[in-house]
Amino acid sequence: MIAGLVLLLIFQILGNVAEMYFHLPVPGPVLGMFLLLIALISYDKLAAYARPISLVLISYLAVLFVPAGVGIILHFERIKNEALPIGVSLVLSTILTIAVTGLVIKYSGIWLEKRRIRKSEEQCHE
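Counted from 1, the sequence shown has number 1040 at position 65 by the numbering used here; the numbering is strictly sequential.
It should be emphasised that the hints constitute simulated quantities derived from the structure, not laboratory data.
A couple of the hints might just be wrong.
[To be verified] Label-pair restraints from in silico Cβ distances:
(1) L1059 x E1096: 51 to 61 Å
(2) R1093 x L1049: 46 to 56 Å
(3) I1013 x E1096: 14 to 24 Å
(4) I1092 x I1054: 49 to 59 Å
(5) V1063 x V1001: 18 to 28 Å
(6) P1000 x A1043: 19 to 29 Å
(7) R1053 x E1097: 56 to 66 Å
(8) L989 x P1027: 15 to 25 Å
(9) D1019 x I1047: 35 to 45 Å
(10) P1060 x R1090: 15 to 25 Å
(11) A1043 x I1013: 46 to 56 Å
[As the list claims (entries may be wrong)] Here are the simulated DSS-like pairs of lysine-lysine, each with C-alpha atoms no more than 25 Å apart in a straight line:
(12) K1020 x K1094
(13) K1081 x K1020
(14) K1089 x K1020
(15) K1094 x K1081
No experiment lies behind these values; they were computed from the predicted model shown.
Where a beta carbon is used, it is the ideal one built from N, C-alpha and C, also for glycine.
Please work from the sequences and hints to get the whole structure.
Okay, here's the thing in structure tokens:
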């Protein structure tokens, strides 16, 4: 489990370094998660290290929503005054997220199928 935690921290650090070095508008941990996704797709054996610690962290995911709930209660008046822009941005970002997720699933499925075919062809030639 320690190896998995180290793996997650390494990719978070890589994401932070990439954000600072390339001055990207994406948070470092998000970049790190994307890099981890690429690594997990590319190297199947990494999942064995990441899976145990990931299951533990997911079990505590609900705790991370407590500060957001407190913030909503604390700033309720301001949120009420700006409900329309907040609502519009939530709807548009949700639609965009669904569209991008669909495209990622579609094209990653195509990529994985090509990868599977290539691996099976390599095994046939051996």
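Open item on the list: Check whether the Cα positions of K1081 and K1020 lie no farther apart than 25 Å.
Closed with: Holds: K1081 and K1020 sit about 24 Å apart, inside 25 Å.
Task: Pair hint K1089 and K1020, alpha-carbon separation not exceeding 25 Å - done: holds (20 Å)
TODO: Take a look at whether the Cβ-Cβ distance between A1043 and I1013 falls inside 46 to 56 Å.
DONE: For A1043 and I1013 the Cβ distance comes to about 29 Å; the hint is violated.
Task: Proposed proximity, K1081 with K1094 (alpha carbon, max 25 Å) - done: Answer holds: K1094 to K1081 is near 20 Å, not above 25 Å.
Task: Distance restraint hint 56 to 66 Å, applied to the beta-carbon atoms of R1053 and E1097 - done: holds (59 Å)
- [ ] Using the Cβ atoms, figure out if D1019 sits within 35 to 45 Å of I1047.
- [x] holds (41 Å)
Task: CB-CB spacing for P1027 and L989 relative to the 15 to 25 Å hint - done: holds (21 Å)
TODO: Using the beta carbons of L1059 and E1096, state whether their distance is inside 51 to 61 Å or not.
DONE: Given about 56 Å between the Cβ atoms, the range holds.
Open item on the list: Given a hint of 18 to 28 Å, does the C-beta separation of V1063 and V1001 actually sit inside it?
Closed with: holds (23 Å)
Task: Agreement of K1020 and K1094 with the hint, judged by alpha carbon distance not exceeding 25 Å - done: holds (16 Å)
Open item on the list: Between the beta carbons of I1092 and I1054, is the distance compatible with 49 to 59 Å?
Closed with: holds (51 Å)
Task: Range hint 19 to 29 Å (beta carbons of P1000 and A1043) holds or violated - done: Cβ of P1000 to Cβ of A1043: about 22 Å, so the range 19 to 29 Å holds.
When held up to the earlier numbered hints, the structure conflicts with 10 and 11 and fits the remainder.
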